[in-house]
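Novice: Sequence:
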Amino acid sequence: MEFEVSNGHLFHKDKEGIVDAEIFFVEPRGEEVFKLLSVKLAPELQNRRIEQQMFAALMAYLRKDFWTLVNKLQHVPFVAGGREPEQGFDTGTLIQYVYNRSYGVNFPLITKEQEGATIPIEASQARPGDLLFWGSHGNAYGAGIYLGGGKYLVADPQDNEVLVKPLQSQWLPDFAGTLRNT
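Numbering (the numbering used here), first residue to last: 1 to 182.
Hint data in this document are derived by calculation from the structure and do not stem from the laboratory.
Virtual Cβ for every residue (Gly too), placed ideally from N, Cα, C.
A couple of the hints might just be wrong.
Heads up, simulated BS3-like pairs for lysine-lysine below, C-alpha to C-alpha not over 25 angstroms straight-line [as the list claims (entries may be wrong)]:
id, residue 1, residue 2
1, K165, K151
2, K72, K15
3, K35, K15
4, K64, K151
5, K165, K64
6, K13, K72
7, K151, K72
8, K15, K40
Restraint-style ranges between C-beta atoms, simulated for each label pair [unchecked claim]:
id, residue 1, residue 2, range
9, Q53, G138, 30 to 36 angstroms
10, G150, F24, 36 to 42 angstroms
11, Q87, V39, 31 to 37 angstroms
Make the full structure from the sequences, and use the hints.
Specialist: Spelled out as structure tokens, the structure:
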């Protein structure tokens, strides 16, 4: 099923060109996070599980700017408690900023809470956009956003900026977390 998106409105049209499934939402911008306003389905679609397809299309739409955002944030200064690119970021605020804008969620700020907000997976199963964690479950001391190809995005206090770094064999993540259904 093909969906179109325009100005906070995801919709599908039937063969006659009539909208038969739609979602109204507020896109994440600035401090504002994604908000779902309403979902409407034509009666003939009510029991066809179309909602799952609609939400998958919506999430794909929200993530469309993920790579642009990753590129934009590189070399932003490391600043403890910074919450915007103009201020700088620490690890928790960087992850929160990227997830709020790329996934349309109200993501937690603290690494331990970010871990709890994701579905735990093996680090080797991580896909781009998943979180990597260093430390034990419930007590992670480091995190980054996996980008694929053995690289991750992190606000690095040692390099004093947001960087894309390669995973290194002497310092591999202990586990990962995802928002997708694995």
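Novice: Going through the earlier hints one by one, which of them does the structure break, listed in rising order?
Specialist: Violated hints (numbers, rising): 2, 3 and 6; every other hint is consistent with the structure.
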